[in-house]
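Participant: Sequence:
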Amino acid sequence: MANAALRAELHDVSFSIRELQWRLKNVQTRLDPTTYPVLTLPPEITSEIFLRCLPKTRELDVVNPREAPLLLTHVCSAWRQIACSTPRLWTTFYITEKHGYLDDLANIAETWFTRAGKCALSVKFHGSVTNETDFVSLLPGLRRHAREVRSLELNADVSDLVMMNPPLECVSLQKLTIGVLGGLEDLPEYSPLEMFTNGVPLLREVLMRTAPPSFLALPWQQLTKFAGEMYTVGSCLEALRAMPNLTECAFAAYYRADDAEMVYHPNIQHFTLFGRGSGFVSDATNARILAHITLPALRTLEIKDVHDFNQWTLDSFLIRSAARLWRLVVRPWDMSSSIQLQLSAPFMALPLTELEIWHPSDLDVFLAAFFKAIAQDVNTLPSLRSLSFRGCDRVKGGIAVDAIIGIAAVPITQRRHLAGCAQLQSFHVVSKTHPEVSVYAEARLLPFRELKEAGMDIYIGSEEESVV
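For the sequence shown, my numbering gives the first residue as 1, with consecutive numbering after it.
Some hints here could point you the wrong way.
As the list claims (entries may be wrong) - Below, a list of computed lysine to aspartate or glutamate pairs in the EDC-like style, where the Cα atoms sit at most 16 angstroms apart: (1) Lys124 x Asp61; (2) Lys225 x Glu194; (3) Lys124 x Glu110; (4) Lys225 x Glu205; (5) Lys432 x Asp393; (6) Lys432 x Glu465; (7) Lys56 x Glu44; (8) Lys432 x Asp402; (9) Lys432 x Glu464; (10) Lys124 x Asp157; (11) Lys124 x Glu148; (12) Lys452 x Glu442; (13) Lys118 x Glu148; (14) Lys432 x Glu356; (15) Lys304 x Glu356; (16) Lys124 x Glu153; (17) Lys304 x Glu229; (18) Lys175 x Glu153; (19) Lys175 x Glu248; (20) Lys432 x Glu463; (21) Lys175 x Glu205; (22) Lys175 x Glu148.
Simulated from the structure, these hints should not be mistaken for lab results.
Put together the whole structure using the sequences plus the hints.
Facilitator: Listed below in structure tokens is the structure:
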């Protein structure tokens, strides 16, 4: 009896399976003729869509199957063919030592570079090359495609950089970044390092972290843009002497150089001082290099995240350079830093068209005097057209957006109509990234609404949203 019941149950299950198979075949038959609109697009249109799928920031590095371009090759065979045949998808190759676990990384890089065809390549390596044998094996592939490399960034130990031998033939190289992560004590032994053969005729922009210019054999005189990160003031001055044709320069400097000779550079138009922290040298937050340079062609000066800036140093630099400065950005490390602007004669006479001040302080007497001066004195920044206060906050002695607009409304309106000087066209007051307050007093906003209706560029609020 039990066997009969089991046979009956088996019959029923078999029948159900046949019925499901029939239904599956029927549904598949109806599905097969279905046309997906995206698959009807011409390949060149799909390629353009793919290019807009490339992430602006990556969660790891470029060899990531969860992001384009690799993600696009895993959807279907048609998309894979289009993606692999779109060279511009493969022009950026960024790899770090954390990817040492990847099998056959050298072949991955070779495939990547090959898919890019003759497009200009941007290549970035970060990590200790010698600690990863797979990473070392990338170098021959990089040499084979070196002629297509337009931008190259290498962050490694000194001993790793020495392994770039024989030198690369980067005849298309325009931008170079070299970061020395360790082995600084070996710099004199290896300097100058020959990394390129047959010259780099198109190279115009270089960023060096820690290592001075003397570390590399480069045609320094042809450069127009340079940044030195974690540099002593002495290394900064060395760089300026080695590169007479620079028009743009930036430094994150540390240590003083009171006995250094003055450097006169006739061509720099844009100069930036910025701060950087480090685990192996002093924090690079020094602005004292201004006491050792003269820049008569300067048009833009940005002082960001430094600690030891003072007005006397700035005034002396401005008087000595006698430059027609158009844009000035002053950004202290935070509200508690010592950057204090003053209404000195050299500052007031600047032909600035744009002034940007970060982290204004409620203890800073400059603000009240500044607003009074621009409202009444045509000789205070007579060419000023754009004024902004950013990073406003109450913490650490800072001043909030609400307080600034409370004292600025009348002076800004008066300056807008003051005869004998340029008309102020833009006024921004921006809090830190988090919304400082959700509502401002309407009485304080009303004058700015009227200015905006009159055609002035007004922005008041957080980085995300203006309330005017």
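Participant: Please go over all the hints and tell whether each is borne out by the structure.
Facilitator: Quick rundown of the hints versus the structure:
1. Of the pairs offered as hints, the one joining Lys124 and Asp61 holds, with about 10 angstroms between alpha carbons and a cut-off of 16 angstroms not exceeded.
2. Taking the CA atoms of Lys225 and Glu194, the gap is near 21 angstroms; set against the 16 angstroms cutoff, the hint is violated.
3. Proximity of Lys124 to Glu110 is assessed by CA-CA distance (about 15 angstroms); at most 16 angstroms being required, the pair is judged to hold.
4. Taken as a hint, the Lys225 and Glu205 pair is honoured in the structure, with Cα atoms around 5 angstroms apart against an allowance of 16 angstroms.
5. For the hint pairing Lys432 with Asp393, the CA-to-CA distance comes to about 6 angstroms; that is within 16 angstroms, so the pair holds.
6. Our distance criterion of 16 angstroms between C-alpha atoms is met by Lys432 and Glu465, whose separation comes to about 12 angstroms.
7. Pair hint Lys56 plus Glu44 does not hold up; C-alpha atoms about 22 angstroms apart against a cutoff of 16 angstroms.
8. Simply put, Lys432 and Asp402 have alpha-carbon atoms about 13 angstroms apart, close enough for the 16 angstroms limit, and the pair holds.
9. For a cut-off of 16 angstroms, the pair hint linking Lys432 to Glu464 stands: about 10 angstroms separates their Cα positions.
10. Taking the CA atoms of Lys124 and Asp157, the gap is near 15 angstroms; set against the 16 angstroms cutoff, the hint holds.
11. Distance restraint check for Lys124 and Glu148: the Cα-Cα separation of roughly 14 angstroms lies within the 16 angstroms cut-off, and the hinted pair is therefore satisfied.
12. Between the alpha carbons of Lys452 and Glu442 the distance comes to roughly 15 angstroms, so the proposed pair stays at or under 16 angstroms and holds.
13. With a C-alpha separation of about 6 angstroms, the suggested pair Lys118 and Glu148 falls inside the 16 angstroms cut-off, and the hint holds.
14. Between the alpha carbons of Lys432 and Glu356 the distance comes to roughly 14 angstroms, so the proposed pair stays at or under 16 angstroms and holds.
15. Among the hinted pairs, Lys304 with Glu356 is consistent with the structure: their alpha-carbon atoms are about 11 angstroms apart, no more than 16 angstroms.
16. In summary, the hint linking Lys124 to Glu153 is supported, as the alpha carbons are separated by about 5 angstroms, within the 16 angstroms threshold.
17. The straight-line distance between the Cα atoms of Lys304 and Glu229 is roughly 13 angstroms, inside the 16 angstroms bound, and the hint therefore holds.
18. A threshold of 16 angstroms between alpha carbons decides the hint, and for Lys175 with Glu153 the separation of about 8 angstroms falls inside it, so the pair holds.
19. The straight-line distance between the Cα atoms of Lys175 and Glu248 is roughly 14 angstroms, inside the 16 angstroms bound, and the hint therefore holds.
20. With a C-alpha separation of about 7 angstroms, the suggested pair Lys432 and Glu463 falls inside the 16 angstroms cut-off, and the hint holds.
21. For the hint linking Lys175 to Glu205, the alpha-carbon distance of about 5 angstroms falls within 16 angstroms, and the restraint holds.
22. With a C-alpha separation of about 13 angstroms, the suggested pairing of Lys175 with Glu148 holds against the 16 angstroms cut-off.
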